[in-house]
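Protein chains: 2
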Amino acid sequence: MLEKINLDKSMTKQEYKEFIDGITPRLALLQRQCKEERIPIMVIFEGWSASGKGTLINKLILPLDPRGFKVLAISEETEADSFYPYLRKYWIETPAKGRIHIFDQSYYRGVTAKAINGTISQEELCNDYDDITEFERQLVDAGTVVIKFFLHISKKEQKKRFQRLEEKKATAWRVKKRDWKYNDQYDEIVPFFDEMIAQTDTDYAPWTIVEATDRRYATAKMLNTIVMRLQEQVEEVREKKRHKPVSEAHIGKESSRFMPGILNNVDLTKDYTKKEYQEKIKELQRKLAILHSELLRRRIPVILAFEGWDAAGKGGAIKRLTQPLDPRGYEVIPISAPNDEERSHHYLWRFYKAIPKAGHIAIFDRTWYGRVLVERVEGFCEKQEYKRAYNEINRMEELLTKEGCVLLKFWLHIDKAEQEKRFVARQEDPDKQWKITDEDWRNRSKWDQYEKAVDEMILRTSTGNAPWIIVEANSKYYARIKVLESVVKAIEEAIKRKK
Amino acid sequence: MLEKINLDKSMTKQEYKEFIDGITPRLALLQRQCKEERIPIMVIFEGWSASGKGTLINKLILPLDPRGFKVLAISEETEADSFYPYLRKYWIETPAKGRIHIFDQSYYRGVTAKAINGTISQEELCNDYDDITEFERQLVDAGTVVIKFFLHISKKEQKKRFQRLEEKKATAWRVKKRDWKYNDQYDEIVPFFDEMIAQTDTDYAPWTIVEATDRRYATAKMLNTIVMRLQEQVEEVREKKRHKPVSEAHIGKESSRFMPGILNNVDLTKDYTKKEYQEKIKELQRKLAILHSELLRRRIPVILAFEGWDAAGKGGAIKRLTQPLDPRGYEVIPISAPNDEERSHHYLWRFYKAIPKAGHIAIFDRTWYGRVLVERVEGFCEKQEYKRAYNEINRMEELLTKEGCVLLKFWLHIDKAEQEKRFVARQEDPDKQWKITDEDWRNRSKWDQYEKAVDEMILRTSTGNAPWIIVEANSKYYARIKVLESVVKAIEEAIKRKK
Numbered sequence: 271m272l273e274k275i276n277l278d279k280s281m282t283k284q285e286y287k288e289f290i291d292g293i294t295p296r297l298a299l300l301q302r303q304c305k306e307e308r309i310p311i312m313v314i315f316e317g318w319s320a321s322g323k324g325t326l327i328n329k330l331i332l333p334l335d336p337r338g339f340k341v342l343a344i345s346e347e348t349e350a351d352s353f354y355p356y357l358r359k360y361w362i363e364t365p366a367k368g369r370i371h372i373f374d375q376s377y378y379r380g381v382t383a384k385a386i387n388g389t390i391s392q393e394e395l396c397n398d399y400d401d402i403t404e405f406e407r408q409l410v411d412a413g414t415v416v417i418k419f420f421l422h423i424s425k426k427e428q429k430k431r432f433q434r435l436e437e438k439k440a441t442a443w444r445v446k447k448r449d450w451k452y453n454d455q456y457d458e459i460v461p462f463f464d465e466m467i468a469q470t471d472t473d474y475a476p477w478t479i480v481e482a483t484d485r486r487y488a489t490a491k492m493l494n495t496i497v498m499r500l501q502e503q504v505e506e507v508r509e510k511k512r513h514k515p516v517s518e519a520h521i522g523k524e525s526s527r528f529m530p531g532i533l534n535n536v537d538l539t540k541d542y543t544k545k546e547y548q549e550k551i552k553e554l555q556r557k558l559a560i561l562h563s564e565l566l567r568r569r570i571p572v573i574l575a576f577e578g579w580d581a582a583g584k585g586g587a588i589k590r591l592t593q594p595l596d597p598r599g600y601e602v603i604p605i606s607a608p609n610d611e612e613r614s615h616h617y618l619w620r621f622y623k624a625i626p627k628a629g630h631i632a633i634f635d636r637t638w639y640g641r642v643l644v645e646r647v648e649g650f651c652e653k654q655e656y657k658r659a660y661n662e663i664n665r666m667e668e669l670l671t672k673e674g675c676v677l678l679k680f681w682l683h684i685d686k687a688e689q690e691k692r693f694v695a696r697q698e699d700p701d702k703q704w705k706i707t708d709e710d711w712r713n714r715s716k717w718d719q720y721e722k723a724v725d726e727m728i729l730r731t732s733t734g735n736a737p738w739i740i741v742e743a744n745s746k747y748y749a750r751i752k753v754l755e756s757v758v759k760a761i762e763e764a765i766k767r768k769k
Numbered sequence: 271m272l273e274k275i276n277l278d279k280s281m282t283k284q285e286y287k288e289f290i291d292g293i294t295p296r297l298a299l300l301q302r303q304c305k306e307e308r309i310p311i312m313v314i315f316e317g318w319s320a321s322g323k324g325t326l327i328n329k330l331i332l333p334l335d336p337r338g339f340k341v342l343a344i345s346e347e348t349e350a351d352s353f354y355p356y357l358r359k360y361w362i363e364t365p366a367k368g369r370i371h372i373f374d375q376s377y378y379r380g381v382t383a384k385a386i387n388g389t390i391s392q393e394e395l396c397n398d399y400d401d402i403t404e405f406e407r408q409l410v411d412a413g414t415v416v417i418k419f420f421l422h423i424s425k426k427e428q429k430k431r432f433q434r435l436e437e438k439k440a441t442a443w444r445v446k447k448r449d450w451k452y453n454d455q456y457d458e459i460v461p462f463f464d465e466m467i468a469q470t471d472t473d474y475a476p477w478t479i480v481e482a483t484d485r486r487y488a489t490a491k492m493l494n495t496i497v498m499r500l501q502e503q504v505e506e507v508r509e510k511k512r513h514k515p516v517s518e519a520h521i522g523k524e525s526s527r528f529m530p531g532i533l534n535n536v537d538l539t540k541d542y543t544k545k546e547y548q549e550k551i552k553e554l555q556r557k558l559a560i561l562h563s564e565l566l567r568r569r570i571p572v573i574l575a576f577e578g579w580d581a582a583g584k585g586g587a588i589k590r591l592t593q594p595l596d597p598r599g600y601e602v603i604p605i606s607a608p609n610d611e612e613r614s615h616h617y618l619w620r621f622y623k624a625i626p627k628a629g630h631i632a633i634f635d636r637t638w639y640g641r642v643l644v645e646r647v648e649g650f651c652e653k654q655e656y657k658r659a660y661n662e663i664n665r666m667e668e669l670l671t672k673e674g675c676v677l678l679k680f681w682l683h684i685d686k687a688e689q690e691k692r693f694v695a696r697q698e699d700p701d702k703q704w705k706i707t708d709e710d711w712r713n714r715s716k717w718d719q720y721e722k723a724v725d726e727m728i729l730r731t732s733t734g735n736a737p738w739i740i741v742e743a744n745s746k747y748y749a750r751i752k753v754l755e756s757v758v759k760a761i762e763e764a765i766k767r768k769k
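Chains as they are written, first to last, in the numbering used here: chain A, 271 to 769; chain B, 271 to 769.
Everything labelled a hint here was simulated from the structure, so no lab data went into it. There may be inaccurate statements among the hints.
Identical copies carry no separate label here, and so any pair may be met within one copy or between two of them.
[What the hints assert, rightly or not] The list that follows gives simulated cross-link-like pairs (lysine-lysine, DSBU-like), each with its CA atoms no further than 30 Å apart:
#: 1; residue 1: Lys340; residue 2: Lys686
#: 2; residue 1: Lys426; residue 2: Lys691
#: 3; residue 1: Lys627; residue 2: Lys384
#: 4; residue 1: Lys550; residue 2: Lys451
#: 5; residue 1: Lys447; residue 2: Lys653
#: 6; residue 1: Lys340; residue 2: Lys627
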C-alpha cells in the first residue's frame with residue numbers, strides 16, 4: 271500500500287505557522303485533560319531511516335508539560351535483552367495512567383528487521399505480529415490510547431537526505447554503511463513494511479501513514495492525528511461516566527488536508543486510440559478464453575471485485591471481461607442494498623455464500639466494501655462497525671486467498687467533471703435515461719465524503735494477497751484494457767504457481 | 271485440563287424432574303425474547319464419540335418453538351466442500367437474527383481430527399484455531415450469542431457405551447471400527463482436545479465442559495448454561511437500549527451444582543510418615559541443588575507460581591524449595607495488593623517486570639491469578655475484566671513458555687475444616703499470632719465464592735505449557751514432597767529438551 275501514497279504533499283511556511291498556533295494550545299489542554307481522566311498514551315514512531323522521526327518527536331514534545339511524558343529511543347537488542355522474552359521490555363515501558371510515552375521506534379523494529387534480513391520464517395513472523403496485536407489489544411482494553419505513525423519517504427528522498435548528512439562533518443557519522451545498503455534495496459523492503467502495517471492495522475490501534483517529504487506537512491499531520499485521537503478518547507471517557515453514547519459532534523471534523531489523497535494522485539489523462547484499443551482487446555480476450563479453461567482444469571477459483579464512482583464504467587468493463595468466458599464457468603453477482611434475509615445476517619454472510627467454487631470465476635459488481643463506502647457515508651452502520659470492518663474484510667480475503675484463490679479488486683476512478691458529463695449524457699439519451707436516478711445526483715453531492723472513504727479503504731485493505739488496482743477510467747478504452755490486462759496477468763501467475 | 275474434571279456427577283430422577291419443570295418455561299420464554307430482540311444464537315456440541323450429543327440436542331429442542339431453530343449435523347467433509355474454503359460452509363449456516371442454530375459437531379471437528387491424525391503441522395493448527403476464534407469474534411461483535419459445549423466421558427464409560435450399542439442389532443451399526451480405535455487411543459487424544467479448548471476458549475465464546483456420564487446431570491447443566499447465557503444477553507441488549515450499564519442482579523445466581531467441582535474431587539487423605547518425608551525431602555533437595563546449577567549453565571528461566579487457601583502451607587513449601595538453592599540464582603516475590611505505581615499500570619505490568627532472566631528461578635508467593643481470585647470475588651475489578659483475564663493470562667504464559675521458560679503453577683488445597691484447625695492453632699500460638707488477621711476470617715466466610723473462582727481458574731488456564739498442579743495439602747509433609755517432586759521433574763525434562 272505504501273506505493274500508493276502521494277509523497278508530494280507540502281505546506282507553506284505561513285500555513286504551517288497558522289496551523290501550529292492553532293493546535294499547540296489544544297494539545298497542551300488535552301495533555302492536562304488526559305492526566306485528569308487518567309488516560310495512558312503510547313505514541314509510536316516507525317518509518318524509513320532518515321524519514322525524520324527525531325524531528326517529529328521534538329515538535330511533538332515542545333508544547334507538552336515535561337513532567338507528563340517520556341521519550342524512549344529503542345535501539346538494537348542488547349545482550350541483556352536476550353535473557354528475556356521479546357515483549358517484556360515494552361510491557362515494562364508502558365505508560366502509567368495519565369502519562370505519555372513516546373517511542374522512537376518500538377517492538378515493530380526488531381520483528382520487521384528479522385523479516386527483512388530473512389532470519390525468520392513466515393509462520394514465526396505471523397506469530398510475532400500476532401503477539402504484538404494481542405499486546406496492543408490488552409493495553410487498549412485497559413484504557414490505553416495507542417497511536418502509531420509510519421513515516422514514509424521515497425527512495426530518492428532518502429538518498430538525498432543521506433547525502434546531505436554525509437556532507438557535514440557533524441552529521442556524517444549518522445549515516446551507516448547499512449543505511450546505504452537499505453537504500454539500494456528500498457524497493458525490496460517496501461513489501462515488508464506493507465506486511466507489517468497490514469498485519470497490525472487494527473480498529474483499536476490503527477496506523478497513520480505520514481507523508482514525510484515535507485517536514486512542515488509531516489509535523490502538522492502528526493499533531494493533528496494526535497489531537498483528534500486524544501479528543502475522541504477524552505470525550506469517550508467522559509461520556510461513559512455519564513452513561514451516554516458518544517456523539518461524534520463533539521470531536522470536530524478531520525481536515526481533509528491530512529487524508530492520504532490516493533485518488534488525487536491518479537493520472538486520469540491516460541488513453542488509447544480506437545485502433546490501439548481494438549487490437550489490444552482482441553488479443554487479451556483471446557488469451558482470457560484459453561486461460562479460463564486452464565483455470566477449470568487446475569481448479570483455481572477467481573474473484574474479481576469491482577467498485578468505482580457511479581458512471582465510471584463498471585458495466586462496460588465487466589462486459590468486455592465476460593465476452594470471451596465460458597458461461598458455465600463464471601457468474602456476475604450484482605450487489606445492491608441487502609434484502610431482508612441478508613440484513614438479518616452478518617454483513618459478510620451474503621458474500622461468503624457467493625464465494626466461487628474452485629475453477630470458477632465470480633465477478634462482483636459492487637462488493638463487501640459497501641460497508642466502508644456507502645454504509646459509512648450514509649450512516650447505515652455505526653462508526654465502530656465500519657472501523658472494525660477493515661480488519662474483518664482483510665481476514666476474509668486472507669481466508670480466501672491462502673487456499674489459492676485469485677482475488678483482484680478494481681477501483682474505477684473518474685473525476686468529478688467527467689462524472690457530470692456522463693450523467694448529463696445519460697439524461698439526454700432516451701436509451702440510457704434509466705441508468706440515471708435522483709440517487710446518483712444525491713451521491714454525487716457527497717463526493718468529498720466518498721473520496722475520503724475510498725482513500726481510507728484503499729489504504730487499509732490493500733494487502734499483498736488482495737491488492738487494490740486503481741483503474742484510470744476517464745478513458746473507457748484505457749480502463750477496459752487495464753482491467754483485462756490485470757486479470758490476464760494475475761491468472762497467468764496463479765497458473766504458474768500451481769504447476 | 272480434561273483430566274481434572276470430576277466425571278462422577280449425577281442427579282436423581284426426582285431432582286431432575288423438578289429442575290426440568292422449573293427451567294422449561296424459562297427457556298421457552300427466552301427463545302421468544304431473543305426473537306423479539308433479534309438476537310442470533312449458535313449452540314455447538316462437541317465431545318467424545320458416544321458422549322450423548324444427540325440425546326442432549328433432543329432435550330434442548332423439546333421446549334423450543336420449532337419455527338425458531340434448526341439442527342445441523344456436521345459430518346465428514348464431502349468432495350463438494352473441498353471446492354471451497356473451510357469456513358465458508360459455517361459462515362453460510364450462521365443463524366439469522368432471532369434464530370437458533372444448533373450444531374451437532376461443527377468447524378472444530380475437522381480441524382481437531384486433522385491434528386489427531388497428524389495430517390497438519392503445529393503452525394497450521396494454530397492458524398486454523400486462530401481463524402476459528404476470529405470467525406466467532408466477528409459473529410459476537412455483530413451481536414450473536416455463541417455457546418459451546420464439550421461433552422466429556424471417561425475411557426471406561428465410552429467403552430461401556432460402545433459395548434451396549436453393539437449388543438443390540440438396531441444400534442450395532444453405529445459403532446465403527448474407528449470408534450474402537452479411538453477408544454484405545456483415548457489417553458493420547460485427551461491432549462488434542464485440551465489444546466482445542468485452550469486455544470479457542472475466549473471471553474466472547476467460552477467453552478462449557480459438560481460432565482456427561484449421567485445424562486440427567488448433563489442435560490440439566492447444558493440447559494442451565496443456555497438459560498443463564500441467554501438471560502444475560504437479553505438483559506444486556508435491553509439495558510443498552512436504555513443506555514445503562516448492565517447490573518448482574520437481574521440475571522440470577524448460577525447454581526454451584528453445575529460448576530466444575532475440580533476441588534471437590536481432590537483426595538485430601540494423602541499423607542507421608544515423618545520418616546518417609548525426611549528421606550524423600552533430603553533426596554529431592556540434593557537433586558535440586560545440582561539441577562539449579564545446570565539451569566544457570568543452560569540459561570533456562572524457571573517460574574514457580576504459588577496460590578492456595580490461606581494457611582494451606584505456601585510459606586513452608588517455598589522454604590523447603592529454596593533451602594538447597596544458590597541465593598544468587600533465585601528470588602522469592604511476595605505479591606500483595608498493588609501499590610500506587612502498580613495500580614496505575616495494566617494489572618500484568620508488575621509481573622512482566624518480575625520475569626526472571628534466563629537461568630534464574632522466580633518464585634511467586636501469590637501471583638497474577640489474583641485478578642481472577644481475590645479481585646473477582648471482592649469486586650475489585652469488573653466482570654468483563656476478570657473474564658478477559660483468562661485469555662490475557664494464557665497469552666502471557668504462552669509468551670514466556672514458548673521461549674523455553676519452565677512455568678509451574680501450584681494450587682495448595684486444604685479443606686474448610688483443616689483451615690479452621692490451622693487458624694485456631696495460629697491464634698493460640700503467641701509466635702504465630704501475627705500470621706492470622708481479621709481479613710483471613712473474612713476471606714474464609716467467602717469460601718464458596720472462592721471455590722467457584724478457583725475451579726474456573728484451573729479449568730480455563732490449565733494449558734499444555736503451563737499446567738496447574740493441585741497439591742493435596744491437608745498433610746504438610748505430602749504437600750512439600752509433591753511440590754519438590756514436580757519441580758525436579760519439570761526441570762529435568764527441560765534440561766533434556768535443551769540438550
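Here's how the hints hold up against the structure:
no. : hint               : result
1   : Lys340 with Lys686 : neither (47 Å within a copy, 50 Å between copies)
2   : Lys426 with Lys691 : neither (39 Å within a copy, 79 Å between copies)
3   : Lys627 with Lys384 : between (37 Å within a copy, 23 Å between copies)
4   : Lys550 with Lys451 : neither (40 Å within a copy, 62 Å between copies)
5   : Lys447 with Lys653 : neither (46 Å within a copy, 54 Å between copies)
6   : Lys340 with Lys627 : between (54 Å within a copy, 25 Å between copies)
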